[in-house]
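K.L.:
Take a look at the letters that make up each chain.
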Amino acid sequence: MADLTVKIKDLVLKNPVTTASGTFGFGEEFADFIDLNLLGGIFVKGLTLKPREGNDYPRMAETASGMLNAVGLQNKGIGYFISDIYPRIKDLDTEIIPNVNGSTIEEYVEVAEKLNEVEGINAIELNISCPNVKEGGMAFGVSCPSAIAVTDAIRKVYDKTLIVKLTPNVTDITEIAKGVEVAGADAVSLVNTFLAMAIDSKTRKPVLSTVTGGLSGPAIKPIALRMVWQVYHAVKIPVIGIGGIMNATDAIEFMLAGATAIQVGTANFIDPQVSVKIIEGIEAYCKEHNISSVSELTGALENR
Amino acid sequence: MADLTVKIKDLVLKNPVTTASGTFGFGEEFADFIDLNLLGGIFVKGLTLKPREGNDYPRMAETASGMLNAVGLQNKGIGYFISDIYPRIKDLDTEIIPNVNGSTIEEYVEVAEKLNEVEGINAIELNISCPNVKEGGMAFGVSCPSAIAVTDAIRKVYDKTLIVKLTPNVTDITEIAKGVEVAGADAVSLVNTFLAMAIDSKTRKPVLSTVTGGLSGPAIKPIALRMVWQVYHAVKIPVIGIGGIMNATDAIEFMLAGATAIQVGTANFIDPQVSVKIIEGIEAYCKEHNISSVSELTGALENR
Amino acid sequence: MKKIQDFRVKEYRWLNETGYLLTLYSDLKIEPVLPGNFAEIQVPGTPEVFLRRPISVFDADYENRSITFYIKVAGKGTKKLGELNQGTIVNIIYPLGNSFTVNGSKNVLVVGGGSGIAPFVLLADELKKKNIKTTFLFGARTKKEIVLTREFGRLGKVWVTTEDGSLGEQGLVTQHTVFKDILTFDKIYSCGSDPMMKAVAKIAGENRIDCEVSLENMMACGIGACLCCVTETTSGNKCVCTDGPVFNSKELAWQI
Amino acid sequence: MKKIQDFRVKEYRWLNETGYLLTLYSDLKIEPVLPGNFAEIQVPGTPEVFLRRPISVFDADYENRSITFYIKVAGKGTKKLGELNQGTIVNIIYPLGNSFTVNGSKNVLVVGGGSGIAPFVLLADELKKKNIKTTFLFGARTKKEIVLTREFGRLGKVWVTTEDGSLGEQGLVTQHTVFKDILTFDKIYSCGSDPMMKAVAKIAGENRIDCEVSLENMMACGIGACLCCVTETTSGNKCVCTDGPVFNSKELAWQI
Ligand SMILES: Cc1cc2nc3c(=O)[nH]c(=O)nc-3n(C[C@H](O)[C@H](O)[C@H](O)COP(=O)(O)OP(=O)(O)OC[C@H]3O[C@@H](n4cnc5c(N)ncnc54)[C@H](O)[C@@H]3O)c2cc1C
Ligand SMILES: Cc1cc2nc3c(=O)[nH]c(=O)nc-3n(C[C@H](O)[C@H](O)[C@H](O)COP(=O)(O)OP(=O)(O)OC[C@H]3O[C@@H](n4cnc5c(N)ncnc54)[C@H](O)[C@@H]3O)c2cc1C
Ligand SMILES: Cc1cc2nc3c(=O)[nH]c(=O)nc-3n(C[C@H](O)[C@H](O)[C@H](O)COP(=O)(O)O)c2cc1C
Ligand SMILES: Cc1cc2nc3c(=O)[nH]c(=O)nc-3n(C[C@H](O)[C@H](O)[C@H](O)COP(=O)(O)O)c2cc1C
Ligand code: FES
Ligand code: FES
Numbered sequence: 000m001a002d003l004t005v006k007i008k009d010l011v012l013k014n015p016v017t018t019a020s021g022t023f024g025f026g027e028e029f030a031d032f033i034d035l036n037l038l039g040g041i042f043v044k045g046l047t048l049k050p051r052e053g054n055d056y057p058r059m060a061e062t063a064s065g066m067l068n069a070v071g072l073q074n075k076g077i078g079y080f081i082s083d084i085y086p087r088i089k090d091l092d093t094e095i096i097p098n099v100n101g102s103t104i105e106e107y108v109e110v111a112e113k114l115n116e117v118e119g120i121n122a123i124e125l126n127i128s129c130p131n132v133k134e135g136g137m138a139f140g141v142s143c144p145s146a147i148a149v150t151d152a153i154r155k156v157y158d159k160t161l162i163v164k165l166t167p168n169v170t171d172i173t174e175i176a177k178g179v180e181v182a183g184a185d186a187v188s189l190v191n192t193f194l195a196m197a198i199d200s201k202t203r204k205p206v207l208s209t210v211t212g213g214l215s216g217p218a219i220k221p222i223a224l225r226m227v228w229q230v231y232h233a234v235k236i237p238v239i240g241i242g243g244i245m246n247a248t249d250a251i252e253f254m255l256a257g258a259t260a261i262q263v264g265t266a267n268f269i270d271p272q273v274s275v276k277i278i279e280g281i282e283a284y285c286k287e288h289n290i291s292s293v294s295e296l297t298g299a300l301e302n303r
Numbered sequence: 000m001a002d003l004t005v006k007i008k009d010l011v012l013k014n015p016v017t018t019a020s021g022t023f024g025f026g027e028e029f030a031d032f033i034d035l036n037l038l039g040g041i042f043v044k045g046l047t048l049k050p051r052e053g054n055d056y057p058r059m060a061e062t063a064s065g066m067l068n069a070v071g072l073q074n075k076g077i078g079y080f081i082s083d084i085y086p087r088i089k090d091l092d093t094e095i096i097p098n099v100n101g102s103t104i105e106e107y108v109e110v111a112e113k114l115n116e117v118e119g120i121n122a123i124e125l126n127i128s129c130p131n132v133k134e135g136g137m138a139f140g141v142s143c144p145s146a147i148a149v150t151d152a153i154r155k156v157y158d159k160t161l162i163v164k165l166t167p168n169v170t171d172i173t174e175i176a177k178g179v180e181v182a183g184a185d186a187v188s189l190v191n192t193f194l195a196m197a198i199d200s201k202t203r204k205p206v207l208s209t210v211t212g213g214l215s216g217p218a219i220k221p222i223a224l225r226m227v228w229q230v231y232h233a234v235k236i237p238v239i240g241i242g243g244i245m246n247a248t249d250a251i252e253f254m255l256a257g258a259t260a261i262q263v264g265t266a267n268f269i270d271p272q273v274s275v276k277i278i279e280g281i282e283a284y285c286k287e288h289n290i291s292s293v294s295e296l297t298g299a300l301e302n303r
Numbered sequence: 000m001k002k003i004q005d006f007r008v009k010e011y012r013w014l015n016e017t018g019y020l021l022t023l024y025s026d027l028k029i030e031p032v033l034p035g036n037f038a039e040i041q042v043p044g045t046p047e048v049f050l051r052r053p054i055s056v057f058d059a060d061y062e063n064r065s066i067t068f069y070i071k072v073a074g075k076g077t078k079k080l081g082e083l084n085q086g087t088i089v090n091i092i093y094p095l096g097n098s099f100t101v102n103g104s105k106n107v108l109v110v111g112g113g114s115g116i117a118p119f120v121l122l123a124d125e126l127k128k129k130n131i132k133t134t135f136l137f138g139a140r141t142k143k144e145i146v147l148t149r150e151f152g153r154l155g156k157v158w159v160t161t162e163d164g165s166l167g168e169q170g171l172v173t174q175h176t177v178f179k180d181i182l183t184f185d186k187i188y189s190c191g192s193d194p195m196m197k198a199v200a201k202i203a204g205e206n207r208i209d210c211e212v213s214l215e216n217m218m219a220c221g222i223g224a225c226l227c228c229v230t231e232t233t234s235g236n237k238c239v240c241t242d243g244p245v246f247n248s249k250e251l252a253w254q255i
Numbered sequence: 000m001k002k003i004q005d006f007r008v009k010e011y012r013w014l015n016e017t018g019y020l021l022t023l024y025s026d027l028k029i030e031p032v033l034p035g036n037f038a039e040i041q042v043p044g045t046p047e048v049f050l051r052r053p054i055s056v057f058d059a060d061y062e063n064r065s066i067t068f069y070i071k072v073a074g075k076g077t078k079k080l081g082e083l084n085q086g087t088i089v090n091i092i093y094p095l096g097n098s099f100t101v102n103g104s105k106n107v108l109v110v111g112g113g114s115g116i117a118p119f120v121l122l123a124d125e126l127k128k129k130n131i132k133t134t135f136l137f138g139a140r141t142k143k144e145i146v147l148t149r150e151f152g153r154l155g156k157v158w159v160t161t162e163d164g165s166l167g168e169q170g171l172v173t174q175h176t177v178f179k180d181i182l183t184f185d186k187i188y189s190c191g192s193d194p195m196m197k198a199v200a201k202i203a204g205e206n207r208i209d210c211e212v213s214l215e216n217m218m219a220c221g222i223g224a225c226l227c228c229v230t231e232t233t234s235g236n237k238c239v240c241t242d243g244p245v246f247n248s249k250e251l252a253w254q255i
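Listed in order, the protein sequences are those of chains A, B, C and D. Each residue of the first sequence is one higher than the one before, starting from 0 at the first, in numbering that gives the first Met the number 0. Each residue of the second sequence is one higher than the one before, starting from 0 at the first, in numbering that gives the first Met the number 0. Each residue of the third sequence is one higher than the one before, starting from 0 at the first, in numbering that gives the first Met the number 0. Each residue of the fourth sequence is one higher than the one before, starting from 0 at the first, in numbering that gives the first Met the number 0.
There may be inaccurate statements among the hints.
Derived lysine-lysine pairs resembling PhoX-like cross-links, with alpha carbons at most 25 Å apart [stated by the list, open to error]:
1) D:LYS78 with B:LYS201
2) A:LYS89 with C:LYS1
3) D:LYS1 with D:LYS237
4) A:LYS75 with C:LYS249
5) B:LYS201 with D:LYS79
6) B:LYS177 with B:LYS155
7) D:LYS79 with A:LYS276
8) C:LYS237 with A:LYS133
9) D:LYS1 with B:LYS276
10) C:LYS78 with C:LYS9
11) D:LYS75 with B:LYS201
Hints were generated in silico from the structure; no laboratory data involved. Quick caveat, the model's predicted, so the values are computed rather than measured.
Turn these sequences into a full structure, and let the hints steer you where they fit.
P.N.:
Here it is in structure tokens:
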């Protein structure tokens with residue numbers, strides 16, 4: 000059987016399959032459907048310093064091969080996560096990776112500082128790409144200087160593996176990736192959702208309370224795949240591939256394009272067991288293609 | 000019956016439904032399926048100064064609710080269009096709008112100059128957004144100064160209605176739209192395709208000869224709709240909406256978001272009669288909602 | 000425990016042009032379903048439908064391993080679910096959400112509109128088991144939309160209102176004469192359109208009668224993972240799929 | 000004239016595990032189809048398939064208004080087309096592309112592999128009408144993949160090669176003994192995998208025998224509008240869907 004472990008700086012994942020922030024709750028929601036210990040890691044729901052109620056209803060719209068969400072980082076705050084939620088999931092035999100958010104650099108830093116103290120948490124994902132909040136979020140991720148500034152500030156207070164999550168809503172994603180690499184990111188994860196919109200032609204109104212929301216799902220896969228491929232060739236740090244991964248074939252495509260690991264997002268809603276099926280599918284692919292270590296797949300795209 | 004005419008500067012379309020460049024050939028290809036005279040307009044295949052062979056095969060890949068193309072502006076050159084193709088279609092009772100391309104500003108200008116002389120052609124679409132050519136194309140459209148420069152140069156030689164076609168592969172599309180507005184564009188059309196990629200996990204190779212290609216189809220609709228809505232609120236010139244329009248409901252959504260007219264692209268491949276069905280659908284919508292002039296729909300999105 | 004399970008289409012019973020009962024069966028045992036629980040149904044074979052569709056469980060037959068849904072055609076997904084061939088595999092995640100509380104009441108009023116009557120067969124079964132007297136009040140625009148009155152008739156008295164007066168009293172449900180004696184009821188359950196539930200909740204509030212409503216919302220996951228389906232409550236935003244769909248009307252931040 | 004037309008599934012005839020004949024019928028008349036023409040078939044009811052699928056016309060029955068395709072399962076679309084219920088509506092655009100030229104030849108060799116035999120029934124009918132002697136040579140990996148030999152047997156002599164020797168001669172088609180007497184043929188038609196057609200075209204070229212091949216390509220529109228399906232020819236890139244699918248092998252910029 001192929002060796003499925005992958006390394007992202009000091010973070011060791013037992014396999015490259017993780018679940019994407021905001022699409023997998025805190026893992027517990029899926030415990031009835033799969034053995035969570037099988038996963039490479041769980042990127043838990045976005046956290047902020049203070050509790051947030053998120054945006055008004057409606058927050059969701061279905062689109063062709065995708066969906067829009069406008070959740071807006073609803074969460075009970077970093078304090079509640081550390082004191083109440085994390086203790087419930089910390090004994091899982093998988094990496095729990097918090098997704099860190101803020102309206103200001105100071106807020107980001109405070110959240111990261113708190114997480115730096117938590118034993119068992121070996122990495123954080125810095126979200127500078129949320130399109131659904133008025134302040135912070137994607138605003139940091141669309142400009143190179145601000146992406147660098149927030150990464151730099153967090154790097155100063157966070158010792159363990161720092162993953163920076165990039166937004167696809169930019170002209171040149173490699174520029175931002177290179178910026179955060181220089182600022183000290185240990186890895187980049189991409190992509191977050193695309194800023195998008197849905198309209199109800201009957202009522203003539205936007206479907207979402209916030210008018211715009213974030214597009215995810217297989218619709219965005221071809222763009223995400225291109226970005227992973229570009230970023231892989233632009234930086235030296237590992238890349239985590241995200242965007243419309245629905246099955247093992249999709250996951251393998253992302254790895255061939257350059258991803259060291261992948262995150263499964265929207266697919267969890269359609270099939271709560273999909274993450275485990277993807278692990279099995281990758282295993283089968285390795286067997287069929289005589290691959291002894293899954294990391295051989297990373298960037299193994301051949302020329303035409 | 001509702002008045003379906005729309006105006007884009009001096010260009011009058013009998014209805015807001017046109018076909019997108021590169022997806023409708025020169026119209027003739029669809030003559031067996033629909034009465035071309037019913038269309039608001041036909042944006043014909045991209046033209047360049049010299050003949051171009053386009054990219055190598057394979058040029059196409061199917062994706063979830065979309066497709067990638069890497070045609071690369073294959074065409075017989077502006078001279079051949081004017082002498083051989085246009086005479087065959089000029090008597091159609093619809094607006095024929097050439098799509099103008101170049102590797103350099105000089106080439107763009109020469110093509111536009113030639114078209115300025117052609118009687119019966121009342122508008123051109125300046126394509127600064129093709130993702131499938133090594134030189135020119137999208138390179139002009141992703142930076143504000145170069146978008147302004149090429150628009151400005153063409154404006155100096157082209158007297159009739161000048162539509163500039165924008166790329167969605169940018170951080171802030173309103174910035175580019177405002178730039179070309181100032182440079183003299185009479186309208187903007189958006190969006191062109193998204194730079195994207197497909198991989199064959201069996202062969203481990205890119206599917207397209209060019210590795211990356213342009214994503215079109217319903218997958219991109221929510222992003223295109225958001226961009227049309229943003230640009231409508233940023234500029235005063237008319238906006239032509241493009242991106243994944245498959246039926247009348249989609250077309251109406253684009254109009255509510257701010258489009259004066261729309262282009263039907265990839266949908267023509269799936270149903271060669273779809274453009275006419277969309278016209279009928281818009282007519283029915285106007286009737287049902289007691290709309291006397293279709294232009295009332297433009298930007299009529301209400302607040303939630 | 001929540002479960003993901005393959006069922007097969009057993010049969011349809013069409014009630015009018017847009018409403019049908021869909022019965023699915025399974026080779027495996029059926030999980031226990033409480034009144035108010037729903038399922039997330041994967042719609043087979045339509046390019047237009049991406050996500051699962053939340054549908055209340057109408058009835059469950061544990062012996063025959065079958066489960067029934069009452070579905071009203073609202074769009075692409077509910078249309079397709081009405082067109083499947085016998086034997087087609089339908090994957091569902093269930094049972095989801097909380098349920099109506101059935102406790103020490105003596106005389107309850109159940110108010111439903113449209114597909115909102117779906118959870119009430121299971122509820123009424125439960126009420127009957129506990130010897131709680133049940134009165135149903137169903138409202139619709141017109142006669143055709145009033146369905147299953149015979150089935151509900153076995154479980155309690157059924158009143159009907161239609162907006163056009165084609166069946167029962169004319170008017171909105173809340174104008175029905177049963178509300179004249181509202182104080183004879185010690186609990187109200189309601190499911191239907193938001194305006195209807197709000198109007199019912201208002202009357203309940205004014206008369207200090209305990210009232211539970213079952214809400215709808217746009218759902219992506221149905222299991223509390225996406226936080227897309229919130230409703231505003233007196234203690235902040237809550238997920239309709241896990242904290243609901245049943246809420247006590249007092250908890251809701253409704254402007255009524 | 001090209002036409003877009005609704006047909007219905009009449010019947011299937013499965014030839015082996017992955018190959019089948021699909022017959023569709025229409026209430027309207029069938030457009031005349033030439034040997035080599037293809038159709039763009041819309042695959043009903045699968046979320047995975049977005050574009051139409053190009054498939055050669057295998058046979059057309061003008062009297063009974065039916066049209067038959069020989070389809071090999073290659074992926075999602077061709078799989079789904081093999082699973083439709085009788086009566087399902089299938090929309091097709093046809094007839095598309097050019098056709099094989101049938102002119103003054105006396106003795107022709109028809110070389111096919113895989114789904115490449117699809118256009119040869121119509122071609123052989125035409126050859127027969129013109130009293131042109133026809134020899135078929137079909138190649139496959141193994142016996143199971145050799146189908147329809149009886150049908151083709153009525154139209155000419157049928158030779159077979161299989162790579163594993165389970166039927167006919169062992170080896171690749173181009174190693175078949177019929178090529179020893181290649182100069183007795185004055186025309187070759189070929190359809191199958193690219194390597195096979197190239198090998199056949201090479202032999203034809205070396206022996207100065209006129210050779211037509213039918214190409215495949217990734218197609219979005221099938222009607223010459225998208226320019227996705229080009230192949231390189233001696234006079235530049237040409238569309239397989241309109242300038243082809245049939246090309247004289249001399250025209251092609253093949254490195255053989
Ligand atoms: C907990 C719960 C229980 C439900 N129980 C039932 C039931 O027993 N029987 C029944 O017929 N319906 C029920 N519904 C409503 C049902 O989920 C929607 O009608 C269905 O999802 C619409 O899907 P569609 O593809 O047919 O419509 P679409 O084509 O997606 O949309 C058509 C219209 O329906 C609206 N809609 C879409 N999804 C929802 C949704 N999740 N909730 C409310 N409106 C929606 C859209 O805004 C649109 O206006 C329930 C909903 C919830 C949340
Ligand atoms: C003019 C023409 C005539 C054809 N005639 C026949 C026929 O008579 N019978 C038959 O069985 N097949 C025929 N084909 C091939 C057929 O079109 C493909 O097998 C089919 O489109 C694959 O679709 P899918 O959804 O099953 O496969 P997918 O799941 O889309 O892909 C599976 C594999 O098939 C390849 N493929 C996809 N589309 C094409 C295509 N257009 N051409 C070649 N390979 C493709 C993909 O690269 C992939 O490797 C013809 C193709 C052309 C261009
Ligand atoms: C409902 C929902 C909520 C999300 N919340 C977050 C979040 O809190 N933090 C974050 O970084 N990304 C969030 N995302 C983005 C996903 O993690 C992922 O980047 C995106 O959905 C693309 O992947 P997919 O196409 O596989 O879903 C959310 C996505 C969805 C659909
Ligand atoms: C095969 C193909 C070829 C295209 N060629 C051109 C072109 O020559 N010039 C241009 O401006 N846009 C071209 N486009 C982009 C379309 O005009 C349109 O902007 C895009 O496809 C999005 O619309 P859609 O989703 O409706 O297809 C092409 C698109 C496709 C699919
Ligand atoms: S639908 Fe996902 S949390 Fe309720
Ligand atoms: S498939 Fe579109 S031109 Fe041939």
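K.L.:
Confirm or reject each hint.
P.N.:
Each hint tested on the structure:
no., hint, in the structure
1, D:LYS78 with B:LYS201, "19 Å, holds"
2, A:LYS89 with C:LYS1, "22 Å, holds"
3, D:LYS1 with D:LYS237, "20 Å, holds"
4, A:LYS75 with C:LYS249, "23 Å, holds"
5, B:LYS201 with D:LYS79, "21 Å, holds"
6, B:LYS177 with B:LYS155, "18 Å, holds"
7, D:LYS79 with A:LYS276, "23 Å, holds"
8, C:LYS237 with A:LYS133, "21 Å, holds"
9, D:LYS1 with B:LYS276, "19 Å, holds"
10, C:LYS78 with C:LYS9, "17 Å, holds"
11, D:LYS75 with B:LYS201, "15 Å, holds"
Every hint from the earlier list agrees with this structure, and none is contradicted.
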